[in-house]
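A.B. asks: Read top to bottom, the protein sequences are chains A and B.
Position 284 of the first sequence, counted from 1, bears residue number 284 in my numbering, the numbering being contiguous throughout.
Position 4 of the second sequence, counted from 1, bears residue number 4 in my numbering, the numbering being contiguous throughout.
Worth flagging that the hints you see were computed from the coordinates, not collected in a lab.
Hints are supplied without guarantee of correctness; some may be wrong.
Stated by the list, open to error - On the chain B side, residues computed to face chain A include the following (Cβ under 10 Å): (1) Arg48; (2) Ala52; (3) Cys54; (4) Glu56.
By construction, the Cβ of each residue, glycine as well, lies at the ideal position given by its N, Cα and C atoms.
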Amino acid sequence: METTTGRCPLHDIHEFDMYDPDYVQAMYDVFARMHEEGQVIRAEPYGGWWIIAGHEAVFEAARDYRTFSRHTEFPTHCSTRDGQRLPPNPANDIMLRTLIAIDPPRHKGYRLNLNPHFTPAVVAETEAMIREQANVLIDAFVESGRCDVWLDYAQPLAHIVIFAAVLNLPLERIPELFAIIDALPPSPGGHSVDELLTSMAEFVTDFVAERREQPPIGDVVDTLLHAEFNGAKLPFEEVVANVVLILAAGVETTGSIVATSLHHLARDPELRARLVAEPALIEPACEEFLRLYGSVQLQPRTVMQDTELAGVQLRQGDHVLLAYAAASRDPRLYDRPQEFRLERDTSHHMAFGLGAHRCIGSNLARLEFRIALEELLARIPDFTPVEGWEYRRKIDHIQGPIDFPITFAPGVRRALAGAAG
Amino acid sequence: MRVVLDLDVCQGHARCARIAPEVFGLDDAGYAVLLAEDVPPGREGAVREAAAACPERAIEIVE
């Protein structure tokens with residue numbers, strides 16, 4: 001979907017449309033314009049939404065689940081661009097019965113069951129596997145001197161981590177997934193998370209059905225299949241929907257920050273050389289990348305009672321988008337927020353959100369992100385975007401590139417390197 | 001120096017346990033637990049850093 005309204009994103013911030021390529025490609029400049037105007041900005045498309053852009057206002061709204069309910073959907077799921085309500089869609093309705101769209105106190109029952117699969121100690125057990133798989137992917141292109149960072153590395157690694165390490169799909173079945181993605185018709189704006197998940201729906205449903213028949217191994221799929229959530233087991237369709245949610249939340253997001261950060265490093269050779277020379281700096285660098293390029297840019301809320309936020313009157317029933325990506329670049333909190341600064345205090349970036357719905361997989365995402373940079377920089381320390389290529393963002397609420405082809409001095413595969421040594 | 005943790009506010013970002021593991025641990029669901037209410041000598045700096053880094057502002061320091 002590559003339709004533009006022909007509006008100027010920087011002049012018409014009140015026409016902000018998260019699906020209009022003109023706005024998407026200029027997203028960070030649009031957020032900067034919003035910061036000049038205030039913390040809470042009115043956007044008229046899709047029946048009228050409030051964009052919460054200020055860090056302080058996002059902090060307040062994200063933690064106040066009573067006033068700002070997550071039991072809601074993104075603008076295009078509810079309304080046409082000119083504000084006509086859309087009829088209910090079963091595919092969206094089932095997602096309203098998953099972890100992400102259930103408010104506290106019921107939400108806590110889900111988190112107490114599912115959080116244990118995502119603690120630092122538990123995700124640390126996947127480190128060796130992630131590292132190995134990153135190197136398997138690098139082996140496939142390192143001798144050729146060229147690859148697509150997104151299509152050949154970040155995106156497949158993100159799929160492998162969630163499907164194999166989290167959902168325990170056997171590694172040898174991963175190619176089935178890639179075949180599904182490869183069979184998708186080309187899309188000029190990149191495949192959205194919705195498109196990818198729709199294409200995998202049948203595969204995921206079959207996988208969960210198979211797991212239901214197998215002896216439990218105690219992973220997150222088994223918890224969804226067998227545990228009681230607030231006193232009752234989940235119906236099968238909700239088990240599947242929650243698995244789909246884990247995919248939606250964990251795959252494109254982590255892959256995108258890996259690719260976007262490597263794109264940043266392609267344009268900043270000095271920083272890249274520093275990280276290659278001192279790999280211990282990769283961890284703090286990851287946090288500054290998360291501040292600058294956090295994948296989940298916006299999250300919806302519905303106002304449950306009249307309230308005032310940063311001096312703006314909101315009414316019950318109003319639609320809101322928490323602009324986490326804008327908050328992480330708020331000039332009220334960060335000096336020269338558009339600049340990468342390794343020494344910056346990044347602890348209050350909002351890449352993983354805030355409040356009850358903060359990203360359940362943040363520990364895994366941080367691990368995967370760091371390993372992906374460590375392994376690629378160790379083996380391909382110097383790389384350049386293919387000449388003539390330009391960074392284009394996917395048209396989606398996840399920020400990330402459509403592709404990212406690079407060239408580099410060819411290296412050797414690990415097995416060959418070992419044999420030579 | 002004492003530490004007060006607001007468990008109603010903690011969402012399990014796990015930053016405190018990363019920064020000051022002598023004072024902050026995590027329970028099975030990844031939420032913070034206080035390992036020591038009274039901060040061991042020499043760890044005041046790390047604990048202050050952990051409190052400042054909490055995205056939810058769930059950690060209070062009583063001097």
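A.B. asks: Holds or violated: B/Cys54 as interface residue toward chain A, Cβ cutoff 10 Å?
C.D. replies: Cβ of B/Cys54 sits 8 Å from chain A, so the hint holds.
A.B. asks: Tell me if B/Ala52 is really an interface residue toward chain A, meaning its C-beta lies closer than 10 Å to one of theirs.
C.D. replies: holds, 7 Å
A.B. asks: Would you check whether B/Arg48 satisfies its interface hint, that is, whether its CB is within less than 10 Å of any CB in chain A?
C.D. replies: For B/Arg48, the interface hint is violated, since the closest Cβ of chain A sits about 12 Å away, which is over 10 Å.
A.B. asks: Next item in the hint list is B/Glu56. Is there a CB on chain A closer than 10 Å to its CB?
C.D. replies: Interface hint status for B/Glu56: holds (7 Å vs cutoff 10 Å).
In terms of the numbered hints stated before, the structure departs from hint 1 and from no other.
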